[in-house]
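Student: Chain by chain, the residues run as shown.
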Amino acid sequence: MHHDSWLANPPYLFTHRDFLVGEDGELRAMKARPRVVYSINGAGYSAGIRVLGDLRGSIGEGEVLVVTGPSGSGKTTLILAVTGALTSLLGGWVEGTVMLDNANPLSLEGFRLVPRLAGVVLQDPEKQLIMPTPLDEVAFTLENLGYSEREAEERAMSMLSRFGLKNKAHMHVEELSGGEKRRLTFASSIVHEPSLLILDEPTSSVDPWGIREIRRFMDQMRSTGSSILIVEHKLKYFLDKADEIIVLQEGGEAARIKGTPGSGEIEALRKIGVDAGRARITSRNVTGGRPVLTARSLAVGYGDKPLLSNVDLEVREGEILAIVGRNGCGKTTLLKTLAGALKPLEGEIMVEGEEMREIKPGKIFYVPQQPDYLFLGRSLRDELLKASRKSGTSISQLSSMIPWYEESINISPYRLSHGQRRWLSIIIAWGYKPRVILLDEPTTGLDYKLFRRLRDLVLKLAAGGTSFIISTHDPRVVGEIADRALLADGGKLREEDRARIVGMLEEEAGVTS
Amino acid sequence: MRRPSISIVFIYSLTITLLAFAYRSTWRLAVIGLLNGAAGIYYGKRYRKLILLLLALSVWGTFLDALAVSNTGPVAFVLGPLTVRRGALTATANIGLRLTAIAGAALLFAAPSDPRSIVRGLEEELHMPSGLAFSLAYALRLIPLMRRDLGEIQLARLERGYRKTPLTPRDMGSLIMPLLSVAYERASWAGISAELRGFGLRKPRRRKIRVGMPEIIVLSALAAQIIIPLLLP
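From first to last, the protein sequence lines stand for chains A and B.
Once you know that position 274 of the first sequence is 274 in the numbering used here, the rest is easy, because the numbers rise by one and skip nothing.
Once you know that position 56 of the second sequence is 56 in the numbering used here, the rest is easy, because the numbers rise by one and skip nothing.
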């Protein structure tokens, strides 16, 4: 076990132990058959703006390299640089050398070889999938690489079968569940059997059951000698799979870890935003105010087929409830029904004694998973003006809840960072003074640092009397934000002990240490 | 009967779009607008709701615009303080029919086809550059996603105390901005995804355009829409 930690000896100095620079300036890896060797001195999206600093590393045959770091540390930029997409597609720049097998992806010729050598799985399946059916999606890769239409379809079908999607080959992609979409991204990226697999935040949009599938799939790839590069801030899911871990911070290498990190390192990683340890279980003193939302014998779903039935629910003033379950189990449908956007198939929803039959933002406010849907303004100021005009909450009250308001006042809400957009969406909802705010998967894509900020915001609003129902499969939400947790399983909703649910979510995902 | 060749339907749709811009008379525009609008909405069932909504928004926007810049000629009707003249109605009708013809022809092209066969057909038969063919095909993947986005945005608008469907041009911006913002980000990553999966390496085979009965029917329909309007005032 070897640890080069910025904890013990900051700043970390690269030892050049993985490769040598020859007299001719070429990189020569010391590992047997390296698949990837990179020595980057700087990279960015536009001239003069440096996103990545000095970074060096290599991945050998059958090895797994995990690159971790907080949001904005340059993880995705590293993938774009290593694949050549940054220079060849996005007009960016890279100073240094990168080799994938014998190809230099920083040159146009080398970039053209990357699709044959590597399979790249992007963060969000919604953005990666470009064809309407699974068969088209997988065959598209093969046709690009010169396979005939017939051969492409045969191979695609066989790959879909391997990923359990054969029966859905001709269905529209939008009819697949989140986990199935993720599996499809894998199938379409490796159908041509590349020797290198690159994964960008693969856990960001999947539930723990999906994470387990990803881990199993990685084992399969590795057993065939494929190398894997993963970029991920939820490090805990891949700790046992990594041969080496590189920690990025502000575009530079902050630490390099071989073997399993110790508890001190896990805590230090947490501080910079990397989720490396098991979820915590914290409790706050909830006095148990009066009930504000009650649902009785509720059935929710589309058409006449309920996704969840016999739901009995009570939320008290200032209470935070987490609803946990697999992708597609009906969590979002339940939230939308509670918000009055969908009619319940059966049962009733009462808010402060009044039945919810339609959208009443002063009673319940639903915040979607994609915060952009909620925005109406051209700038942050305009956004708050609009919220103020309709909700009656003064703009000074709204802006006082946004610590970064002054510096971002004229920025379009769509240009704010992911964490800021989430923050803004919750403040807009709060502005309408609802009794209950419904948050749909609010922590997707948030690193631990941003998660803590969101947690503090939600706890502050809850302390002021606003209740929350949060749909999630993130153990951090159940452990550190929620007062109670309900598990959606087999079409029913039942209350479970929070610690038990956190344990179950992590075990399902394969976190053992 | 088999489906007509993608290339022939593409030529049909492109020609109808050009005719929609070439024709100036309301009667001529009515021929192509009503024919293609009806056929497009019939065949493009999947996209019907979205297209009708976008058409309604466009026509309403056009009418408001026409009231400002083309409200000339004899009075057509008076609505409270608003006097609507024939010029505004004619301008709205012309642009509405033009948009209906274009949307209908686009639906006839897109609805019965899948993107992969569109890319192949346009590349192999019409020798169209792969990037252009792919953009057309990807639009089909985007439409259902945009339809879902639209539903979410409308829900958010209701929550925020705004109309589900905007009526004023200013209001329209607040619906279109999030729709485009989400679609733009999605399309940028889709481009990266396609390139990293070898789109730049595509070497389309060449094949001749197949001409049989389905193609003759499509070309005849096109000829009729060129000849009949020329007989009208």
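No lab work stands behind these hints, which were simulated from the structure alone.
Certain hints may be false.
Each pair of labels, with its calculated beta carbon distance range [stated by the list, open to error]: (1) 418/A <-> 25/B: 30 to 38 Å; (2) 25/B <-> 305/A: 31 to 39 Å; (3) 179/B <-> 489/A: 31 to 39 Å; (4) 148/B <-> 262/A: 57 to 65 Å; (5) 350/A <-> 164/B: 49 to 57 Å; (6) 41/A <-> 2/B: 56 to 64 Å; (7) 290/A <-> 188/B: 42 to 50 Å; (8) 170/B <-> 91/A: 30 to 38 Å; (9) 24/B <-> 91/A: 52 to 60 Å; (10) 290/A <-> 83/B: 29 to 37 Å; (11) 392/A <-> 81/B: 57 to 65 Å; (12) 362/A <-> 2/B: 54 to 62 Å.
Each residue gets a CB set at the ideal place from its N, CA and C atoms; glycine is no exception.
Student: All hints, please: hold or fail.
Tutor: So, going through the hints one by one against the coordinates:
no. : hint                        : verdict
1   : 418/A <-> 25/B: 30 to 38 Å  : violated (52 Å)
2   : 25/B <-> 305/A: 31 to 39 Å  : violated (52 Å)
3   : 179/B <-> 489/A: 31 to 39 Å : holds (35 Å)
4   : 148/B <-> 262/A: 57 to 65 Å : violated (45 Å)
5   : 350/A <-> 164/B: 49 to 57 Å : violated (25 Å)
6   : 41/A <-> 2/B: 56 to 64 Å    : holds (58 Å)
7   : 290/A <-> 188/B: 42 to 50 Å : holds (48 Å)
8   : 170/B <-> 91/A: 30 to 38 Å  : holds (34 Å)
9   : 24/B <-> 91/A: 52 to 60 Å   : violated (42 Å)
10  : 290/A <-> 83/B: 29 to 37 Å  : violated (58 Å)
11  : 392/A <-> 81/B: 57 to 65 Å  : violated (31 Å)
12  : 362/A <-> 2/B: 54 to 62 Å   : holds (58 Å)
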